Amino acid sequence: MNQAPITIAGIPIPSDAPLFLAVVAIHVVAGLAAVITGLVAMSSDKRAGPHPSFGVWYYRSVVLVFITMAVLSAMRWAHDYHLFILGALALVAVVVGRQTAPSRSGVRIRVHVTAMGLSYVLLLTAFYVDNGPNLPLWRRLPHLTYWVLPILVGAPLIVRVLLTHPVVQKMASVVDVARPDNRRRGP
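Position 100, counted from 1, in the sequence shown is what our numbering calls 1490; the numbers after and before it change by one each time, with no gaps.
Treat the hints with care, since some could be wrong.
[Stated by the list, open to error] Now the in silico label distances, taken between C-beta atoms and shown as ranges: (1) Gln-1489 <-> Ala-1399: 35 to 41 Å; (2) Arg-1550 <-> Val-1485: 21 to 27 Å; (3) Ala-1399 <-> Gly-1439: 16 to 22 Å; (4) Ser-1493 <-> Leu-1411: 38 to 44 Å; (5) Gln-1489 <-> Ile-1396: 20 to 26 Å; (6) Gly-1439 <-> Thr-1535: 35 to 41 Å; (7) Arg-1529 <-> Pro-1492: 41 to 47 Å.
Keep in mind the hints are simulated off the structure, nothing from the lab.
Since we're looking at a predicted model, the values are computed, not measured.
From the three backbone atoms N, C-alpha and C, an ideal C-beta is built for every residue, glycine too.
Model the full structure from these sequences, guided by the hints.
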């Protein structure tokens, strides 16, 4: 691989090799698609329509981000192995979230919310770890910020959804009523 670095929109690209640039281009488009479709899925009503449709596109985008990231990491393992780990964790989270999506179980709904939220946080963490030092305002922050800020913002939002979202609460109450150990016993 040709190691002549180039800069595009202020972001340094470590190689100008055509294969590397092609994979980076697909990676960037898939990453943008994941961020946008994830936001739409999160902000949509949790019923048939936009939420599941955009959720499927989010899942597919994260899978494509992982595939392209794996190729890019393999090309520059010494520099990018940590991004591979973040990407693998995001992939596991999105697969778990997808597998628990079409459910009426309170536990599965909670797993779905947590896993999908975590996949989004990990996706953003990888982006900021890789690109934060080159972004306006972000470049002024300590490097540790790129690692912790997404989870510091994302975790309370995930917890808030788990505690207050009407769909999660409805499914949780259905499960609690159906459990034999929660039924009233004699007088």
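Quick rundown of the hints versus the structure:
1. For Gln-1489 paired with Ala-1399, a C-beta distance near 36 Å keeps the hint of 35 to 41 Å intact.
2. The beta-carbon spacing between Arg-1550 and Val-1485, approximately 24 Å, falls within the hinted interval of 21 to 27 Å.
3. The hinted window of 16 to 22 Å between Ala-1399 and Gly-1439 is violated, with their beta carbons roughly 35 Å apart.
4. Taken as a hint, the range 38 to 44 Å holds for the pair Ser-1493 and Leu-1411, whose Cβ atoms sit roughly 41 Å apart.
5. Here the CB-CB span from Gln-1489 to Ile-1396 is close to 40 Å, at odds with the stated 20 to 26 Å.
6. For the pair Gly-1439 and Thr-1535, the beta carbons lie near 37 Å from each other, so the given range of 35 to 41 Å is met.
7. Here the CB-CB span from Arg-1529 to Pro-1492 is close to 42 Å, well matched to the stated 41 to 47 Å.
Hints 3 and 5, counting from the list given before, are not met by this structure.
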